[in-house]
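Student: Letter by letter, the chains look like this.
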Amino acid sequence: MSYKKKKRYGSKGRPRGLKVLFREFKKDKIAMMSLYLLVFFILFVFIASLFIDQETLMRINLYDRYSPPGEKYLLGADQGGKDIFGQLIIGARNSVFIALAITLITGLIGIVVGLICGYFGGWVDYIIMRIIDFFVTIPSLLFIIVFVTLVPKYSVATFILIMSMFLWTGTARLVRSKALSESKRDYVSASKTLGTGDFTIMRREVAPNLSSLLIVELTLNFAGNVGIETGLSYLGFGLPPTTPSLGTLVSYANNPAVLQEYWWVWLPASLLILFMMLAINYIGQALRRSLDVKQRLG
Amino acid sequence: MWKTIVRRLLLMIPQLIALSILVFVMAKMMPGDPFTGMITPDTDPARIEELKEELGLNDPLPVQYVRWVKNALQGDFGKSYTFQRDVASLIGERAMNTFWLSFVSVILLYLIAIPLGILAGRYQQSRLDKFIVFYSFITYAIPTFVLSLLFLYIFGYKLQWFPTGGSVDVEAEPWTLRYIWSRFYHILLPAITYAILGTTGVIQYLRSEIIDAKTMDYVRTARSKGVPMRKIYTKHIFRNSFIPIAAFLGFTITGLLGGSIFIETIFGYPGMGQLFVYSIAARDYSVICALVMLYGFLTLLGSLLSDIILSIVDPRIRIE
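The listed protein sequences correspond, in order, to chains A and B.
Residues 1 to 298 in my numbering are what the first sequence lists, from first letter to last.
Residues 299 to 618 in my numbering are what the second sequence lists, from first letter to last.
For the record, the hints were derived by calculation from the structure and aren't laboratory data.
Any given hint could turn out to be false.
[Stated by the list, open to error] Pairs of lysine to aspartate or glutamate, EDC-like flavour, derived with a Cα cap of 20 Å:
1. B/K529 with B/E507
2. A/K192 with A/E182
3. B/K512 with A/D292
4. B/K529 with B/D510
5. B/K377 with B/E391
6. B/K428 with A/D28
7. B/K456 with A/E261
8. B/K428 with A/D292
Start from the sequences and build out the full structure, keeping to the hints where you can.
Tutor: Here is the structure:
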């Protein structure tokens with residue numbers, strides 16, 4: 001029996017850290033429920049958005065201006081007579097997609113830069129860390145807004161790139177500090193003595209040991225990016241107004257009349273953002289708790 | 299001690315220079331020039347060229363940069379074309395509003411966070427603790443603009459407990475008691491929102507500090523000496539746990555600055571954040587540059603403040 005187990009999860013099997021992480025995570029019932037709800041929600045949004053034609057959705061129809069929920073549309077219409085429900089679905093899909101893209105890009109940059117800094121140390125580390133320190137001290141939100149307004153051919157892709165430019169430093173710092181202590185371990189020096197190349201050690205030996213930490217970091221980043229994207233769209237510096245977005249829907253509430261009278265325009269989008277943020281953050285924090293030996297549920 | 303502060307101040311200089319270069323490059327990338335809003339179609343192109351030469355816009359970039367820095371150091375950031383007045387005096391007025399908002403917010407933040415953190419740490423795993431942990435999770439996860447809007451909707455419009463915009467009652471005479479009260483009243487709702495959003499960090503830090511301290515040797519010694527539990531908490535544990543909280547102050551200020559863009563826009567509070575959003579929409583580039591520079595400077599100042607406080611309260615981390 002024990003032999004079999006060793007075979008399955010031996011040195012060539014899955015990384016042990018991840019297995020422990022997921023085993024602990026499964027014990028947290030609320031986190032598991034959040035995960036199921038979130039996965040179901042994302043699948044629903046992506047599948048449902050396939051059946052919605054964005055052009056018909058965004059066509060202005062003044063006859064249905066501020067039509068209340070239940071009359072013609074399930075959740076009513078906004079000041080252009082556009083269906084709120086359809087906009088919610090496309091908007092949520094866009095938010096999830098953008099946040100995911102930013103998380104992956106910043107994650108990749110962060111991991112590569114962090115590993116290089118932490119593994120090599122010395123002057124490479126010193127120079128890159130000074131650049132990161134600088135990024136940390138500048139007001140990145142303001143710079144993102146300025147760049148968004150300066151870029152000539154503005155699209156979803158440029159938006160993702162601008163955001164990624166300013167948001168990769170947190171992951172890089174975290175990976176660096178972990179890689180720094182990891183690369184002083186015996187297994188790294190043993191591997192070096194055997195003549196393994198630096199990049200092979202980084203990729204195949206150091207990186208897997210950071211995997212559970214990275215899953216936590218990326219999940220929390222994902223939540224943060226949903227917040228930043230919807231926030232910027234809310235201010236009017238995110239997605240272009242022709243693209244349905246949760247932030248744009250919420251921003252209609254800047255008009256006091258809409259805020260007071262037509263709650264169905266902005267409230268569902270706000271609650272949807274809230275739901276996504278709470279669910280993703282809860283999963284992230286539960287993962288972090290699973291990682292922390294002191295806080296394990298037993 | 300002083301050595302640490304001087305070192306830390308010196309460290310700020312290259313950061314400030316890098317920031318100013320970035321802002322300068324950004325300013326050069328922006329369309330338009332200082333004459334935007336002053337030129338009519340009848341203006342002679344030769345005259346524009348003359349003005350450009352006079353202002354040194356044809357000089358090489360490094361020369362322009364040095365002059366720009368010199369002017370900025372003297373408080374001259376140019377003129378805002380939408381407001382038709384000096385950027386420095388325009389921002390100065392708004393900065394005071396933002397300052398008062400942040401001031402009230404920070405006080406409220408600590409008033410809420412410190413008792414909650416202490417209670418959660420002291421009565422760990424109790425129902426109260428679970429509630430506080432849940433509260434700090436919600437405030438951590440909720441985006442600034444969503445909470446602000448919900449508060450504005452509930453407390454401003456539905457319950458009408460607070461005014462829904464502006465910084466002061468228009469009828470109030472300046473510097474009477476009513477005026478001061480009215481200003482405070484206008485600040486209160488945005489400040490409460492602000493404070494609630496910022497409590498998470500302080501609560502979590504304080505809670506885990508206290509929980510960690512419970513198992514420390516000095517606590518066990520005190521207990522075996524027969525010191526009552528209450529006294530151990532007030533005289534021993536809390537004093538130690540407050541150390542990192544003191545250092546949080548600088549970071550709190552930094553965090554408040556970023557949030558001010560959302561809060562001030564939503565509550566219609568005329569501070570720097572609202573001015574920034576307005577200037578971006580109006581493409582008023584001289585104001586934008588000055589604001590980015592100022593925000594960056596204040597952010598640096600915030601982290602400096604944190605480091606200095608930390609080195610005062612905790613001698614172990616002083617730079618040698």
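Student: Hints first: check each against the structure and report whether it holds.
Tutor: Verification of the hints:
The suggested pairing of B/K529 with B/E507 holds, with an alpha-carbon distance near 17 Å, which does not exceed 20 Å. Under the criterion of a C-alpha separation no larger than 20 Å, the hint pairing A/K192 with A/E182 is consistent with the structure, at around 14 Å. Using a Cα cut-off of 20 Å, the hinted pair B/K512 and A/D292 holds, with the two alpha carbons roughly 19 Å apart. For the given pair, B/K529 sits about 17 Å from B/D510 by alpha-carbon distance, which is consistent with the 20 Å threshold.
About 15 Å separates the Cα atoms of B/K377 and B/E391, which keeps this hinted pair within 20 Å; it holds. The hinted pair formed by B/K428 and A/D28 meets the criterion: a straight-line CA distance of about 15 Å does not exceed 20 Å. Restraint check: the Cα-Cα separation between B/K456 and A/E261 comes to about 11 Å, which is no more than 20 Å; the hinted pair holds. Restraint check for B/K428 and A/D292: the C-alpha separation of about 18 Å stays at or below 20 Å, so the hint holds.
Checked against the numbered hints above, the structure breaks none of them.
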